[in-house]
Amino acid sequence: MSGLAGLPVGAILDYASVLIFALTGALVASRQQLDVVGFIFIAALTAVGGGTLRDLLLGRDPVFWVGRPGFILLIAAAAVLVFFTAHLLESRYRALLWLDACALAVAVPAGVAVTMALGHGPVIVLIMGVITGSFGGLMRDVVCNEVPLTLKQGELYLSCAFAGAAAALILTALGFAGLPALIGCGLVTFALRAGSLRFG
Amino acid sequence: MSGLAGLPVGAILDYASVLIFALTGALVASRQQLDVVGFIFIAALTAVGGGTLRDLLLGRDPVFWVGRPGFILLIAAAAVLVFFTAHLLESRYRALLWLDACALAVAVPAGVAVTMALGHGPVIVLIMGVITGSFGGLMRDVVCNEVPLTLKQGELYLSCAFAGAAAALILTALGFAGLPALIGCGLVTFALRAGSLRFG
Amino acid sequence: MSGLAGLPVGAILDYASVLIFALTGALVASRQQLDVVGFIFIAALTAVGGGTLRDLLLGRDPVFWVGRPGFILLIAAAAVLVFFTAHLLESRYRALLWLDACALAVAVPAGVAVTMALGHGPVIVLIMGVITGSFGGLMRDVVCNEVPLTLKQGELYLSCAFAGAAAALILTALGFAGLPALIGCGLVTFALRAGSLRFG
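Protein chains in written order, with the working numbering: chain A, 1 to 200; chain B, 1001 to 1200; chain C, 2001 to 2200.
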């Protein structure tokens, strides 16, 4: 399945989720008052953590960002940007929550797209969607000793990821394979997560 | 080395340890009051964590549960069962400790069996037995922010795993390779762990 | 690039960093009052954690210590040594900090050497230098529930690793490839880290 500029859709989604998750990682780093290299480190851990675990589990060699320095440079730029601007935000935690919701809504379809492209069945697609969406943020929070957002009561974080991945599978089964299924996946994930943030 | 229904013994032990560790993961999730997808997530992390690390380190491709959706469905079933019944238990922590001891006594021989079948030497067999037995529970506790059972003073958790794996090596060296060595491994692990729980 | 006794320089640095990081891991285990198998476990996690992640990410198969039992025996010896002597130290934390600085100054060039030998570009070399230097200690601290040294305010830990890896790249670009670049990398890392410990 091919997307913009000849890049597969999975790769484009990987870039987008890396960028947004990097911003969330840098926001957590700013709550921890790290130096700029610490910002880049946490941003990178958050941004590539989920996709890296997915690739290791699926035996993709090399892992998606190795050999593509663009990913790391994108992360470094995002981290430096947050390093110089985070103090301008009224509520860093609020920004973090909403950015994280956006990142999740891009990373779940990224995981789904890559796993489907490798020809795996629905159970593995479901799992890899959830893993790609959640593990970067989970590692970010564990390493920074914050209560993991992924597992916080009332956030329903994993349920949103799960429902999004399930939506992709259902749309595919109904004949809307490819881009429509991935867009549906992202919309369902974001809508549920936004609902949980607003009314949860 | 072949076991029931044509499955290698290592695979059968993997199934059994996945099931029991999934139950312990779900019990920890219930202590954390997660939702049902959270139960499945923690159950899965606990159940496949150790074996997954073993497989990544040994370069087994794919990892044991990828491409075998049965593992994930088993975990989901165990998690849902605990989700609906955990409140019936008198002491969830007590149940957790004993189930974890059973899981350890199955996972250590699972790690030993798989590593021996790949032709590795005794040091790597020992390490992989301990890793397969302990890492799932370690990740469960780190992610849920509980004091890791693996490293709690007086539990002698890792020593039990180590002694069990050593027993398998000794039995193999004495001519009791295969099933007898694995059974001895499980018995030694369980006996020591049970002793630690009862008299520790 | 070949070093002592026909071993590549990367492998020699891996041995040295494994030994020193194992000592730091065992010191943390002694602060946690674990038993001797716990000492070996934490020592091993610390000692091979960074290099293992590097190898998994780079698709090196097998991981550097699998199939070379020497690494594990070295770790076990270091852990047992600390188990019997840690009480003789005046300040275990002080010893830990300085040993950790030495380990970092060996592990960063180890990561750089291995990654360069595989032909990767500068961004990946930089990343793998930092990962090899920092992840073992990070896992040690996360698992033992200590505030990660890697991320402590004012330690500038990651910045030292980053500067060291950058020094290796700059020296290589200036024509001092190989051993001189790696020695420069280690010296820069250690000098900055020591400065941070003494005046930080």
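Hint data in this document are derived by calculation from the structure and do not stem from the laboratory.
Among the hints, erroneous ones may be present.
What the hints assert, rightly or not - Here are a few chain A residues that sit away from chain B, every Cβ distance over 12 Å (derived from the structure): (1) Leu19; (2) Phe84; (3) Leu118; (4) Pro122; (5) Met139; (6) Gly154; (7) Leu158; (8) Ala161; (9) Phe162; (10) Ala163; (11) Ile183; (12) Ala191; (13) Ala194; (14) Gly195; (15) Leu197.
Unchecked claim - Derived Cβ-Cβ restraints for the label pairs, each shown as a range: (16) Ile1183/B x Ile170/A: 37 to 47 Å; (17) Lys2152/C x Leu1179/B: 31 to 41 Å; (18) Arg31/A x Pro2008/C: 20 to 30 Å; (19) Arg2198/C x Ala1077/B: 36 to 46 Å; (20) Lys152/A x Leu1179/B: 26 to 36 Å; (21) Ser91/A x Gly1119/B: 34 to 44 Å; (22) Arg1031/B x Ala2077/C: 46 to 56 Å.
No experiment lies behind these values; they were computed from the predicted model shown.
All C-beta atoms, glycine included, are put in the ideal place defined by N, C-alpha and C.
Which of the numbered hints are not met once you compare them with the structure shown? 3, 4, 5, 6, 7, 8, 9, 10, 17, 18, 19, 20, 21 and 22
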